[in-house]
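Each protein sequence line maps, in turn, to chains H, G and S. So the number in my numbering is just where the residue sits in the first sequence, counting from 1, plus 406. So the number in my numbering is just where the residue sits in the second sequence, counting from 1, plus 2. So the number in my numbering is just where the residue sits in the third sequence, counting from 1, plus 881.
Think of the hints as simulated: they come from the structure by calculation, not from any bench. Please note that a few of the clues may not be correct.
Claimed, not checked - Simulated crosslink set (BS3-like; lysine-lysine; CA at most 25 Å straight-line):
1) S/Lys-942 / H/Lys-423
2) S/Lys-884 / H/Lys-427
3) H/Lys-423 / S/Lys-1125
4) H/Lys-409 / S/Lys-884
5) H/Lys-576 / H/Lys-653
6) G/Lys-12 / G/Lys-64
7) H/Lys-436 / H/Lys-423
8) H/Lys-412 / S/Lys-884
9) G/Lys-221 / G/Lys-99
10) H/Lys-436 / S/Lys-945
11) G/Lys-159 / G/Lys-99
12) H/Lys-489 / H/Lys-576
13) H/Lys-592 / H/Lys-653
14) H/Lys-423 / H/Lys-412
15) G/Lys-159 / H/Lys-489
16) G/Lys-159 / G/Lys-106
17) S/Lys-1125 / H/Lys-436
18) H/Lys-462 / G/Lys-159
19) S/Lys-945 / H/Lys-412
20) S/Lys-945 / H/Lys-423
21) H/Lys-592 / H/Lys-576
22) S/Lys-942 / H/Lys-427
23) S/Lys-942 / S/Lys-1125
24) H/Lys-412 / S/Lys-942
25) G/Lys-159 / H/Lys-592
26) G/Lys-106 / G/Lys-221
27) H/Lys-640 / H/Lys-653
28) S/Lys-945 / H/Lys-427
29) S/Lys-884 / S/Lys-1125
30) H/Lys-423 / H/Lys-409
31) H/Lys-436 / S/Lys-942
Below, each chain spelled out in residue letters.
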Amino acid sequence: MNKREKEAYLREYGVLKSQGKPFFPYAIAKDSVMAIMVMVVIITMSIVLGAELGPKADPTSTTYTPRPEWYFFFLFELLRVIKPPALVPLATIGVPTICLILLFLLPFYDRGAERRPERRPIATAAGIFTICAIGYLTYLGAAAGPPTEIDIPVPANVRSQGSAAVANFKSGEQVVAQSGCAACHKFGENGNAGPGPSLTRVGARLPAQAIQRTLINPTAPMPSFATLSEQSPKQFEQMVGFLAALK
Amino acid sequence: MTEHKESKSKYTEDRQIPGAFEGETVTRRRAMVLGGQVAGGVAAAAFALPALGFAVGPIFEKQDQPWQIVGNTGEFNPDSYVPRTITLVAGIGDAGKSTVYLRKYNPDLDTEPRDEYNSYIAISTLCMHLGCPVRFTAAAQRFICPCHGGVYDIVGKVNGGPPVRPLDRFYTRLEADRVLIGPRFSVNSELQRFSPRDPGEPLDGVGQYLYPSRPSMRKIQGT
Amino acid sequence: MAKLKTPTLPSNPLTSPKRPGKAYGPSTPLEHGAEAGITAVDWIDERTSLSGGLRWMMFRKVPKGTNWFYTLGSATMFAFLSQAVTGVFLAMYYDPSATRAYESIQHINNDVFLGEFVHGMHKWGSSVMVILIFLHMGRTFFFGAYKYPRELNWVIGVALLVMTMTMSFSGYLLPFDQRSYWATIVGVNINGTGPLVGPYLSEFLRAGPYFGATTLSRFYAIHMLLVPGAIAALMGFHLYLVAKLGTTAPPWVRAKSPDALREQKVSDL
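Start from the sequences, fold in the hints, and give me the full structure.
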């Protein structure tokens, strides 16, 4: 903004202000109505949702799945999607710091005189993009289940084979989930994308025998499930059956 | 050809300041301003510095890590892990405890040289990405972190996901036939011992200099 | 030097002139009460001159076109006030020690009269405040209200946003349930990933190499003294600047006919 634009703005604003209404009581009335609405929301939430406590803090736990409060989900998801260890400081410190600096300095690099959102296409687009990105990351963060949980709909061809097949599929799902496969593979909405390939449709790519062979003789870093096949062959069978049914 | 700029005299008398003494270089007003600022600064520092030191102090205090018994030699085997609860910070009940996975040294798995502190391998359950609780999954022979997708193999080396170094370990030693567990230490990807670091702090390459160890906890000298 | 003569004092400076239309002063009890109130306010104003500032704050004009979007800032402040008050009363029952914190919150929830209600207001109030502050920021951004001459107020606003997030973060360790504990561990370790200073920073936050006896009270002090104090101070400055610079008009509102207005002003003279 140059000096002329500043003058023009101040003059325009002075006129608008002189045509306005006094803060008290006109703006105060609106503010008070809004304050009542805020309190109604807070009190309703408090009554309806209460203030439940989770289980007491237990540092010895190895089964708890930590998740932050919802308004930090986007930061949480950022940590999940940035995988290479070398980029960890970027995800934890770098990106948030850069975003914060950009936010702080906004009025110093966006110095145009135009204020109407439809005439500031870059700023408006950037703002909408940021909101969408944070919203999307928040959604992903909220949907991220623990790697020991897989929730995949039973495929139609399994369902058509009767309830025994469905039960077998479900117990196979259980075995796969508890074996921690989702730590490296994606199963539909669950699991991590990498280092292993997505297994959402592995049954369509590989026959049951090939899956069994891979489980016993995998390529590193995938672990071998040979011990599982020796110690509890039934569970191993269910595991193979579940994976082969994913089409 | 140089433009000569008339330099200001450092003597107040020469600058025609009323009431100046001969040989005086600082006006009395200026001396008072400086004196006021210094006195105010000293007074503020007198409460700010002790308070700050009080808050920062714990960083430089060496923490005691007493050896504690975790079981008899017969309870552990070389092939799978047994979880044990140890106390990291005394006097705060359950909040000061942590879980450690223990097994016997296994020449087929462990590549580091044997010494008096590793006849039993004790692995911390804090993920080295950001400190979530990892869990050993026997079927997959992996440590799996529930937070951001970290996976470690059976000796604690990183298999996948964002963790920056293998899982931390604890010194162990034998006393008669009891296994004792001692201070924590961190390892780099070659399983060399380093003074303990926090999660998220890499030790390979320049990592160990970018993330210095702290006076509050060091590894045992010479290991 | 010749001295000026001291002016003669008025004969009785304390009697104020009679109010117009009132021949005999207050008569009904109500009027007496009102008079007493006015006298008290006058007494304070004579010694503080606050009425000028109050008038400046309250009777400044807000520009034409001011709509409901402009209530988001005051709504955020109101949510903060609600947090401050409920927080003070929660502090009366809360015990920031690693062994007693969880039990004291349980006690608040189960035994104290209205305990769970006030705890719930504080808990959900934080979410409401975070939403409101983001909406307020969004309004400021899309209306271009951060531009000249309000740049500094934007910077203060971002600082307030950061501090609000700090409050939410330091607050949710306090109930000391599983979520509190692990989220704090992760949050502190995030600070530790900063090169060189990070490790010392995380150790400072924990007051030691591990989550220890004083970690909770450290977070408690940050949550209820350090950051709220800073928020209140910056909020005051934020408000002062709002009053001084005026709230913006919506960007599409244009002054109707400045020329006509100017002419009118000239003719008034």
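Verification of the hints:
With a C-alpha separation of about 6 Å, the suggested pair S/Lys-942 and H/Lys-423 falls inside the 25 Å cut-off, and the hint holds. For a cut-off of 25 Å, the pair hint linking S/Lys-884 to H/Lys-427 is broken: about 50 Å separates their Cα positions. With a C-alpha separation of about 12 Å, the suggested pair H/Lys-423 and S/Lys-1125 falls inside the 25 Å cut-off, and the hint holds. For the proposed pair H/Lys-409 and S/Lys-884, the alpha carbon gap of about 49 Å is over 25 Å, so the pair is violated.
Distance hint between H/Lys-576 and H/Lys-653 is fulfilled; the C-alpha atoms sit about 15 Å from each other, no more than 25 Å. Restraint check for G/Lys-12 and G/Lys-64: the C-alpha separation of about 54 Å exceeds 25 Å, so the hint is violated. At roughly 18 Å between alpha-carbon atoms, H/Lys-436 and H/Lys-423 fall within 25 Å of each other, so this suggested pair holds. Distance hint between H/Lys-412 and S/Lys-884 is unfulfilled; the C-alpha atoms sit about 49 Å from each other, more than 25 Å.
Taken as a hint, the G/Lys-221 and G/Lys-99 pair is honoured in the structure, with Cα atoms around 20 Å apart against an allowance of 25 Å. Using a Cα cut-off of 25 Å, the hinted pair H/Lys-436 and S/Lys-945 holds, with the two alpha carbons roughly 14 Å apart. Annotation: proposed proximity of G/Lys-159 to G/Lys-99 holds, straight-line Cα distance about 24 Å (limit 25 Å). Between H/Lys-489 and H/Lys-576 the alpha-carbon distance is near 30 Å, which puts this suggested pair outside the 25 Å criterion.
Between H/Lys-592 and H/Lys-653 the alpha-carbon distance is near 14 Å, which keeps this suggested pair within the 25 Å criterion. With a CA separation close to 16 Å, the supplied pair H/Lys-423 and H/Lys-412 stays within the 25 Å bound. Proposed proximity of G/Lys-159 and H/Lys-489 is supported: the alpha carbons are some 16 Å apart, at most 25 Å. About 17 Å separates the Cα atoms of G/Lys-159 and G/Lys-106, which keeps this hinted pair within 25 Å; it holds.
Between S/Lys-1125 and H/Lys-436 the alpha-carbon distance is near 20 Å, which keeps this suggested pair within the 25 Å criterion. Pair hint H/Lys-462 plus G/Lys-159 does not hold up; C-alpha atoms about 31 Å apart against a cutoff of 25 Å. In summary, the hint linking S/Lys-945 to H/Lys-412 is supported, as the alpha carbons are separated by about 20 Å, within the 25 Å threshold. As the CA atoms of S/Lys-945 and H/Lys-423 are separated by approximately 7 Å, the hinted pair is consistent with the 25 Å bound.
Pair hint H/Lys-592 plus H/Lys-576 holds up; C-alpha atoms about 17 Å apart against a cutoff of 25 Å. At roughly 5 Å between alpha-carbon atoms, S/Lys-942 and H/Lys-427 fall within 25 Å of each other, so this suggested pair holds. Only pairs whose Cα atoms come within 25 Å are accepted, and S/Lys-942 paired with S/Lys-1125 is accepted, the gap being roughly 11 Å. Distance hint between H/Lys-412 and S/Lys-942 is fulfilled; the C-alpha atoms sit about 21 Å from each other, no more than 25 Å.
Under the criterion of a C-alpha separation no larger than 25 Å, the hint pairing G/Lys-159 with H/Lys-592 is consistent with the structure, at around 22 Å. With a C-alpha separation of about 21 Å, the suggested pairing of G/Lys-106 with G/Lys-221 holds against the 25 Å cut-off. Using a Cα cut-off of 25 Å, the hinted pair H/Lys-640 and H/Lys-653 holds, with the two alpha carbons roughly 22 Å apart. For the hint linking S/Lys-945 to H/Lys-427, the alpha-carbon distance of about 7 Å falls within 25 Å, and the restraint holds.
For the given pair, S/Lys-884 sits about 42 Å from S/Lys-1125 by alpha-carbon distance, which is inconsistent with the 25 Å threshold. Distance restraint check for H/Lys-423 and H/Lys-409: the Cα-Cα separation of roughly 21 Å lies within the 25 Å cut-off, and the hinted pair is therefore satisfied. Of the pairs offered as hints, the one joining H/Lys-436 and S/Lys-942 holds, with about 14 Å between alpha carbons and a cut-off of 25 Å not exceeded.
Violated hints for the displayed structure, listed by number in ascending order: 2, 4, 6, 8, 12, 18, 29.
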